[in-house]
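Novice: Given next are the chains, with one letter for each unit.
There are 2 protein chains.
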Amino acid sequence: MIMDNLDINELPSWKHLKESAARFQQPAYHLKQLLNDESRLKGFSLQSAGFFYDFSRQRVDNESMKLLFALAEDRNITHQFKKMMSGEKINHTEDRAALHTAARSYNDTGIEVDGKNVLAELKSVRTKIKDFSDQVKKGDITGSTGKRFKHLVVIGIGGSYLGTEFVSEALYVDANDDMHIHYLSNVDIHNFGRIVSIIDPETTLWIVISKSYTTAETLANENLARVFMMEKGIDPSKHFITVTAKGSPGDMTSAKDDSSRGILASFHMFDFIGGRYSVSSAVGGVPLSLYLGYDKFERFLKGAEEMDQHAASASPRNNMPLIAALLSVWNNNFLGYPATAIIPYAAPLSKLAPHIQQLNMESNGKSVTIDGTALSEPTGGIIFGEPGTNAQHSFFQLAHQGRPFPIEFIGVISPQYNQFHVYRNGVTNHQELWANLLSQPMALALGKKNAYSAKQFSGNRPSSTMILPDLSPESVGKLLSFYEAKTVFEAFIWGINPFDQFGVELGKQLAKDIRTEMAEKNANKAYSFDTASPIVKHYLKMLSKNEITSVE
Amino acid sequence: MIMDNLDINELPSWKHLKESAARFQQPAYHLKQLLNDESRLKGFSLQSAGFFYDFSRQRVDNESMKLLFALAEDRNITHQFKKMMSGEKINHTEDRAALHTAARSYNDTGIEVDGKNVLAELKSVRTKIKDFSDQVKKGDITGSTGKRFKHLVVIGIGGSYLGTEFVSEALYVDANDDMHIHYLSNVDIHNFGRIVSIIDPETTLWIVISKSYTTAETLANENLARVFMMEKGIDPSKHFITVTAKGSPGDMTSAKDDSSRGILASFHMFDFIGGRYSVSSAVGGVPLSLYLGYDKFERFLKGAEEMDQHAASASPRNNMPLIAALLSVWNNNFLGYPATAIIPYAAPLSKLAPHIQQLNMESNGKSVTIDGTALSEPTGGIIFGEPGTNAQHSFFQLAHQGRPFPIEFIGVISPQYNQFHVYRNGVTNHQELWANLLSQPMALALGKKNAYSAKQFSGNRPSSTMILPDLSPESVGKLLSFYEAKTVFEAFIWGINPFDQFGVELGKQLAKDIRTEMAEKNANKAYSFDTASPIVKHYLKMLSKNEITSVE
Chain A
0 MIMDNLDINE LPSWKHLKES AARFQQPAYH LKQLLNDESR LKGFSLQSAG
50 FFYDFSRQRV DNESMKLLFA LAEDRNITHQ FKKMMSGEKI NHTEDRAALH
100 TAARSYNDTG IEVDGKNVLA ELKSVRTKIK DFSDQVKKGD ITGSTGKRFK
150 HLVVIGIGGS YLGTEFVSEA LYVDANDDMH IHYLSNVDIH NFGRIVSIID
200 PETTLWIVIS KSYTTAETLA NENLARVFMM EKGIDPSKHF ITVTAKGSPG
250 DMTSAKDDSS RGILASFHMF DFIGGRYSVS SAVGGVPLSL YLGYDKFERF
300 LKGAEEMDQH AASASPRNNM PLIAALLSVW NNNFLGYPAT AIIPYAAPLS
350 KLAPHIQQLN MESNGKSVTI DGTALSEPTG GIIFGEPGTN AQHSFFQLAH
400 QGRPFPIEFI GVISPQYNQF HVYRNGVTNH QELWANLLSQ PMALALGKKN
450 AYSAKQFSGN RPSSTMILPD LSPESVGKLL SFYEAKTVFE AFIWGINPFD
500 QFGVELGKQL AKDIRTEMAE KNANKAYSFD TASPIVKHYL KMLSKNEITS
550 VE
Chain B
0 MIMDNLDINE LPSWKHLKES AARFQQPAYH LKQLLNDESR LKGFSLQSAG
50 FFYDFSRQRV DNESMKLLFA LAEDRNITHQ FKKMMSGEKI NHTEDRAALH
100 TAARSYNDTG IEVDGKNVLA ELKSVRTKIK DFSDQVKKGD ITGSTGKRFK
150 HLVVIGIGGS YLGTEFVSEA LYVDANDDMH IHYLSNVDIH NFGRIVSIID
200 PETTLWIVIS KSYTTAETLA NENLARVFMM EKGIDPSKHF ITVTAKGSPG
250 DMTSAKDDSS RGILASFHMF DFIGGRYSVS SAVGGVPLSL YLGYDKFERF
300 LKGAEEMDQH AASASPRNNM PLIAALLSVW NNNFLGYPAT AIIPYAAPLS
350 KLAPHIQQLN MESNGKSVTI DGTALSEPTG GIIFGEPGTN AQHSFFQLAH
400 QGRPFPIEFI GVISPQYNQF HVYRNGVTNH QELWANLLSQ PMALALGKKN
450 AYSAKQFSGN RPSSTMILPD LSPESVGKLL SFYEAKTVFE AFIWGINPFD
500 QFGVELGKQL AKDIRTEMAE KNANKAYSFD TASPIVKHYL KMLSKNEITS
550 VE
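Protein chains in written order, with numbering that gives the first Met the number 0: chain A, 0 to 551; chain B, 0 to 551.
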């Protein structure tokens, strides 16, 4: 049976959930009451794939969970997940498969798309990445002046860097000796200017990442970087590699003979893996293998594969990302929370929230179902976050006493640094961190009465807690896969396509018209922006006069 | 007249606004229609204090603005702002003044608090900062081995670092030669471990910032840093300075004789400036003067002072932060948007959103009015953001086609880097950035019909645009003051106290209990956490066993 495109409001399980959710307005369903049950944690937590997932502080009871599992069944979401993994073209608006899980599949079962063996293609790219990164590490491949590469500059935006940045930050301690990684994502000249003030051109390898090789920001930065290298007297063709689709203008085989456009190596990406899901493909694989070593990248993939298997095969009641997705829908559509915070109590996970912000908001910020019907319920929510305890000293005032929002806490048992054995107040820094990780969900859930109203805490503020054993490459891979699976499970429930992103197109079209106005003015000083709309025209005049001017 | 504590729902202007807002559900009030007015920009923009502020793409018309100004008058908010600046104790729950504006007042008019001349006290701290930072720059003050300081490590959390981080990032190009700044905020050992892997202890100056000198995270890190320095054979008393309240345990005059606790210099902060408003006090002044030079810090203060004067003296219809606050209340309470994004098209402003997230969410995430009555309307909202164009390739899908949220766009006319004159598609990188800055608000506002529903844009999504002439210290100071003034104006409208933060206390109390459990276990291996609640106990056992364990 294919996905049921019934309006979600018409589903019996959805209606039951709406009725059931009303109970949670009553004092008897305050988290303080729910947590009186001594076996609460046992009933509302899971241990699987090496992680611990605790939803005991979510505003749910056995009845709501039962109804949520019925919803999952009505929407056939585990079946859809398997279809996705098998290569069916579930990204129907773009007529593409969605095979990010294949990028870390070490299974021998063939997956075919358009008559091609996907796993074989992906494996051959991985082999090429391994060979190239090993040669760079050994010094067999060097820059044009014979010096070893020490600086990697990733030129790419959105899905072409956010996932890689998350992983490279998380595994910073594992980086190869004396190797540094920089992200040139923004077309903003400040991004470029700052990076070139730090790097040494002779030891810099530029990694240009764009599937189509037409992304405006990426190509502007690539061009700037090539001019910069030539001005420094360095042959760009020995310092640029690309990650792009076969046959794109940036693919080595199709690149021009002109050595100023020359490319040292190209690695392929495929249209069955979208940008925001691409960190386990060559998009993440090339920079991460150069930065960490290919072995670490492969360990990261193996971790992701383990969580993929869990998501695909665990029964709903034992499935961590599936339950997380159900709770997300519950909080969004039944309890009415428009935003969620991701708070890792682990500084190396500082780029997790920006990555998941992209992954989830771009995937599920949609207004139509997969059959093109306008949605009757909001989907997607705002995702934001900073590491704890920092967040406690920043925006947690609002979390405790202002507008409530659900929080996903993440903790790590063994830190990457174990050499500092210093105690204060009888505890280490890592224990102090955990004391806070454990206290916050309780304070949010329980609240506290106070005769002085400004010091009153209403409580009943939901959260989940996920515990990782460590920050190994495997654990980071699992964490990535957990959030990818959660995101697509949410979409399957809402009946939307999490793989397209038509919402970014209109801005691009309008930018093109504005760019044309600017180029006209650059070519002809007398040009007065006559075809621009009044507001845009005013700004174009300000920028070209290089000063703030009055509105006429 | 003191502030009117009437329930905001009882105010005539509030009632009129509720009625008036209903109009905006009609198609005739879609932004597409409002923007048909050729004079829209002139009527809905301001040019003042060197900035340009455009609210033409907010969902307001002349009538709603008129009613909002009536609300501002009903709440007497300009008068309250002046009372704040004059030193009245408007932070009544803590019986304190709120004088962040005094920290950048070069006015000679005395401000007295508790019989003390505030301006003279602040001036004497600034003089001390100037002298100290000049001596460090000249090499007259060095580390214990005679080497010049090259690394500044700021130990402080929340308001003790977020504002400084925002400014130091924004003015990165202005940093003193060979001076580096690091932020050790999180108690997480990863934060410490990573910083000590980068710095050279001999050339490192640790700047410990805590008003009370009791902040758990800061003191744990200070202790760790001192042990680290001693292990490296370096006398900490020549490498630690403090910014703290007079007479605190970290104040030099009260510090112990023990050289392991010794302090090179102390700079005072005062209880009339709260943490999140403290970047223009010694909290920002000490690290920023060492990093940028005192002259740059003073230019930053002068910019902030100019915007303070604008906020205090411009009439409501010409007052940028006041109008921004009214629009924030309008979007929050009348149009129902729970979140706002801050999107600077300027990479150096990458830490603006995290700072304003703290400033605004901690100030206005409250549940009671200043007279202790429970609020009948939500106050405060979620603030998040990333620089553009990055954000376009991350979460703007949701902004365009999913759950709408207002956006504050920020642009800069002259970038800090002007040396790269490379064109692509006829434009420079800076022009390409602006093409996007201009296109996004239009795309959001206008939307676009499409027969294919997945490519349809509903439009009517509100935004403001603020233009800065440059990223000079003065402009960065103005930007800070703009957001500080906007935040307190919002609070004055809602009738809440933006200067206390009791919401962070409950978590701290619970953390203390948990820390005691951990310390007990550290001292006695047989201890079994018997006084902890069942859920907390499970986690304490996992951490002490150093592995993920099943729930019994």
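No lab work stands behind these hints: they were computed from the structure.
Among the hints, erroneous ones may be present.
With a cut-off of at most 20 Å between alpha-carbon atoms, the simulated EDC-like pairs for lysine to aspartate or glutamate come out as follows [to be verified]:
#, chain 1, residue 1, chain 2, residue 2
1, A, Lys245, A, Glu120
2, A, Lys41, B, Asp94
3, A, Lys454, B, Glu376
4, A, Lys454, B, Asp139
5, A, Lys540, B, Glu305
6, B, Lys454, A, Asp94
7, B, Lys454, A, Glu201
8, A, Lys454, B, Glu504
9, A, Lys136, A, Glu201
10, A, Lys31, B, Asp199
11, B, Lys41, A, Glu551
12, B, Lys115, B, Asp294
13, B, Lys146, B, Glu93
14, B, Lys544, A, Asp370
15, B, Lys245, B, Asp234
16, A, Lys536, B, Glu376
17, A, Lys82, A, Asp94
18, A, Lys448, B, Asp529
19, B, Lys540, A, Glu37
20, B, Lys237, B, Glu376
21, A, Lys454, B, Asp130
22, A, Lys41, B, Asp529
23, A, Lys31, B, Asp36
24, B, Lys454, A, Glu120
25, B, Lys454, A, Glu551
26, B, Lys448, A, Glu18
27, B, Lys454, A, Asp469
Novice: All the hints need checking, so say for each whether the structure fits it.
Specialist: To see whether the hints hold, each was checked on the structure:
1. A/Lys245 <-> A/Glu120: Given pair A/Lys245, A/Glu120 holds - Cα atoms ~11 Å apart, limit 20 Å.
2. A/Lys41 <-> B/Asp94: violated (46 Å)
3. A/Lys454 <-> B/Glu376: holds (18 Å)
4. A/Lys454 <-> B/Asp139: violated (49 Å)
5. A/Lys540 <-> B/Glu305: This hinted pair is violated, its Cα atoms lying about 26 Å apart.
6. B/Lys454 <-> A/Asp94: holds (15 Å)
7. B/Lys454 <-> A/Glu201: violated (46 Å)
8. A/Lys454 <-> B/Glu504: holds (8 Å)
9. A/Lys136 <-> A/Glu201: Holds - the C-alpha atoms of A/Glu201 and A/Lys136 are around 16 Å apart, at most 20 Å.
10. A/Lys31 <-> B/Asp199: Not satisfied, since the Cα-Cα distance of roughly 50 Å exceeds 20 Å.
11. B/Lys41 <-> A/Glu551: Answer holds: B/Lys41 to A/Glu551 is near 7 Å, not above 20 Å.
12. B/Lys115 <-> B/Asp294: violated (27 Å)
13. B/Lys146 <-> B/Glu93: Since the Cα atoms of B/Lys146 and B/Glu93 sit roughly 44 Å apart, the hinted pair is violated (cutoff 20 Å).
14. B/Lys544 <-> A/Asp370: violated (51 Å)
15. B/Lys245 <-> B/Asp234: Not satisfied, since the Cα-Cα distance of roughly 24 Å exceeds 20 Å.
16. A/Lys536 <-> B/Glu376: violated (40 Å)
17. A/Lys82 <-> A/Asp94: holds (14 Å)
18. A/Lys448 <-> B/Asp529: violated (25 Å)
19. B/Lys540 <-> A/Glu37: holds (17 Å)
20. B/Lys237 <-> B/Glu376: violated (53 Å)
21. A/Lys454 <-> B/Asp130: violated (42 Å)
22. A/Lys41 <-> B/Asp529: The given pair, whose Cα atoms are some 18 Å apart, holds under the 20 Å limit.
23. A/Lys31 <-> B/Asp36: Between A/Lys31 and B/Asp36 the Cα gap is close to 54 Å, so the pair fails against 20 Å, i.e. violated.
24. B/Lys454 <-> A/Glu120: Given pair B/Lys454, A/Glu120 is violated - Cα atoms ~32 Å apart, limit 20 Å.
25. B/Lys454 <-> A/Glu551: Violated: B/Lys454 and A/Glu551 sit about 36 Å apart, past 20 Å.
26. B/Lys448 <-> A/Glu18: Outside the cut-off at roughly 36 Å; violated.
27. B/Lys454 <-> A/Asp469: Not satisfied, since the Cα-Cα distance of roughly 43 Å exceeds 20 Å.
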